[in-house]
Every structure is written in structure tokens, then in C-alpha cells.
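K.L.:
Based on these hints, arrange chain B on the given structure of chain A.
Line by line, the protein sequences are chains A and B.
Going by my numbering, the residue at position 20 of the first sequence is 20; the numbering climbs one at a time, nothing skipped.
Going by my numbering, the residue at position 141 of the second sequence is 141; the numbering climbs one at a time, nothing skipped.
Derived from the structure by calculation, the hints contain no laboratory data.
Bear in mind that the values here come from a model prediction, so they are computed numbers and not experimental data.
Below 25 Å or equal to it, Euclidean Cα-Cα: the simulated PhoX-like pairs (lysine-lysine) are:
1) K172/B to K108/B
2) K22/A to K108/B
3) K172/B to K22/A
Away from chain A, derived, C-beta distances all over 10 Å, residues of chain B:
4) V44
5) F50
6) V63
7) N133
8) F225
9) T300
10) G308
11) N331
12) W334
13) K335
14) V349
15) F351
Even for Gly, the Cβ is constructed at its ideal location relative to N, Cα and C.
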Amino acid sequence: MIIFYILSLVAIVSALLAASSKNLLHSSLWLTFLVFDVAAIFFYLENFFMSAIQILVYAGAIITLLLTSVMLSRRYQDAE
Amino acid sequence: MNLFFFLMSILYGILKFLHIDFVPFASHGYPIGLWIAYLIVAVVEVILVFALAMLVVVILVYVFRKYMADVQNRIGPNRLGPWGSLQLIADVFKLIQKQDIIPTAADKTAYRVAPYLVFTPVVIGFMIIPFGNVSLLNLMVINFNYTILFLVATMIISPIGEIIGGLASHNKYGMLGALRAAAQDMSYEVPMLISLISVIILAGSFNAQDIVIAQRHIPFVVPEFLGFIIFFLAVLGKQVFPPFDLPESASELVSGYTTEYSGMRYGIFYMGGFAGTALASLVIATIYFGGWEGPIFPGTIWLIIKAGVFMLIFLLIQVSVFRVRVDQFLNMGWKYLLPLSIVNLFISVGFALFAGGVF
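If we strip away everything but chain A, and leave its shape as in the complex, we get (with noise of 0.2 Å):
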């Protein structure tokens, strides 16, 4: 049971540095370290098959998606 508090409270770490981040590219980090860890909190609860989908999902096309779309935003750009 502790696995799952110590996951947790990870998770809510990672989604609150992802929404208060200034740097969208440590922004969108964060947000894939949150969506690994969702997926682990569903391998520990025993249901693959959210896990798998988890991962194929989120990480694999919406994290590429957003990646994208901040390497084409105005203000990464500037940073630059």
C-alpha cells in the first residue's frame, strides 16, 4: 500500500511542477514523467492493460504531439 501513496503522491508532485513549469520543454518532461508514473500506479494496481495504454498512448502519440507543437510555439523560439 505504501508503493501506491509513495506513486501518488509523485504523480501530484510532477502534475503540479508540470503546470506551474515557465520552461514549456521542462513543462512537457514533467508531463511524461506524470503519464509513466500514472502508468505505473496502474501496473501496481494490476490492470496491464490500462498500463499498456497508458504508455502507447499518452506517451507515444500525445507526448510527440505536444513536443512538437512547443518546438513550433513563438516562445520557445525566443528563448532560443
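P.N.:
What follows is chain B alone, placed relative to chain A:
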């Protein structure tokens, strides 16, 4: 029986014999009593799998360098060890000793994270491959119902590392490489997953072990030939080698997303690429060519032979075909592979409905 529970039960027996009492693991559906034994077995297995992955990478890089040298009329590595076979180990030591350069303009955290995002998932993928059956012992580190989905998930994470690496370098070539990596990534992932779904429909299971057992009469490459071609091309697109090495193309983009990387960080990218090739050939051998199923020899040898043939085919393609253009690759992905994979999905549904008992 799983390899995990086999090692577990041996350790459990030893501990019982020595009369050592431990705090029981929080009961959570696992048939295990001792958390220390659980931890030891887990650590030992992770180390074993990591060693296996590194061994495969070392052999593959050596074969690749020798073969490429042969194709280009050179001798290749020939100084260290018999036929230069220790050259790669010396190279790794050289890379570790190199100065760790991080560009001042780079985003430091993301720059450090990116190589591990490429390399770690591939090693995790090696845990899920079914390596064979020795009587009742199932040579597989972890076994649960949806292993094949996890295998593909591990193959899909690594492009994120490439994109982040290119973005974090704050270099225009790195940026272009990351853009190309993103475009390429999206165009091959969808056909790859759809052709995988048709295999799952034929096998009737998400478990890699069950998929291998379902091919004991006919390998899935026979009813699924179209799907095999699609999966092969998609997996070839995942490699960072010619003909589809667009994100890294040395003649246009210096080195793409790895431009700013040097020393061991570049080494991790490089090893991640070769480990990805090895994992891809193991996956193809498992889901289309019957994995460890085969006559006479034990199963593991069959898997090694089948995967080895694919590794050699990948190397052959890599040294003999020139690079395609970006638009050609994207056209191939979206205009040809995607519709063909949907056609293949219908074909396999037909097979499953009308000839379900055969496969």
C-alpha cells in the same frame, strides 16, 4: 512456470533451510511470502537482462563494423583481441574517459535526460521477449496478460528521447533533426500498431508467449504476409540507420539530434540504436516467425537463429541502400502503409472468422 517464480522458489527454499524469517511482503495477489527474496530476485533478473542486452549490442556492433568494412573494401577493426573483437570494449572505455561537454546554451536537465529515454525502454523490452521453454520453465522475466502491448510501448518511447535531445541542444541542426524525428515517428507508428493488432486477432491473445504457441503449426508470416511487410518497413523506419535515418542524416543535418552530444552521452544514443535493432529483430521473429518454436534444437537457439537472420538483413539494408527524402518517407507512411495495414486488418479478421481453428 515463470523464470521469476523459479528463482523465487529456489531462494525461498534456501531461506527456509537456513531458518531465516523475514517480514512478509504486503499480500497483493502475489504468491510470494518474502519481500527480501522478491527484491533480490528482481535485482538479479534486471542485471541479467541488462548484461544480455549489452552482450547483444557488443556482438552486433562488431559484426556491423566488420561487415561494413568488408563492403567498403577495408579491413575494419583488427588490432585488439582476435580479429579485433575487443575493439568495441576499448571504444566504450575511451568514451567514458572523454570530457563531458554540455553546451552553454543547452537546456541542461532535458539534455541530460534524453539519452536515457532512448536507451532504457529498449532494455525493458528485452525483459518481455519470451526466450524459450525448458520443460516447465518459461524463460521470460515477467509474464502477464498484455506483454505484447508493453513490447510495442517500449519501442514507441524512444523517439521521445530523440525529440527531447534535439530540442534541448538549442542547435538549429538538432532542432531540424527533432522535427524530422517527430514527423517520422508519427508516420510509422500507426501502421505498425495496426499490423500488430491483426496478429493479436489471429492469435486471440495479448500475451507474447501465447502468440508464439499459436504459431506452432503455421507461422503468422503465411497468413499475414502483407502485415509482415508493413511491420518490417515500420520497424526499419524506427532505426536511425539508412535508408530511413532522416533525423540523423549526416550529409544534410551534420548529425541531427545528436549534433551536440559527445562522449558517453553520444555512446548511449549509439548503443540505444543498436539495441533497438536487436529488439526489433527479436520482436519480428517472435510475432511473425514463431519465436522459439522449431524442431530438433531447443527453443532459445531457434529464436537466436531467427532474430540473427533479421539483424543481418537490417545490416545488409543499412550498408547497401541510400537515404530516402523526407516527403518520400512520409508519403510511404501515410499514403501506402496506413491503408494497406487497414486492408490487412480486414484480411486477418476474415482468417480469424472463417479459418479460426487452423491458426
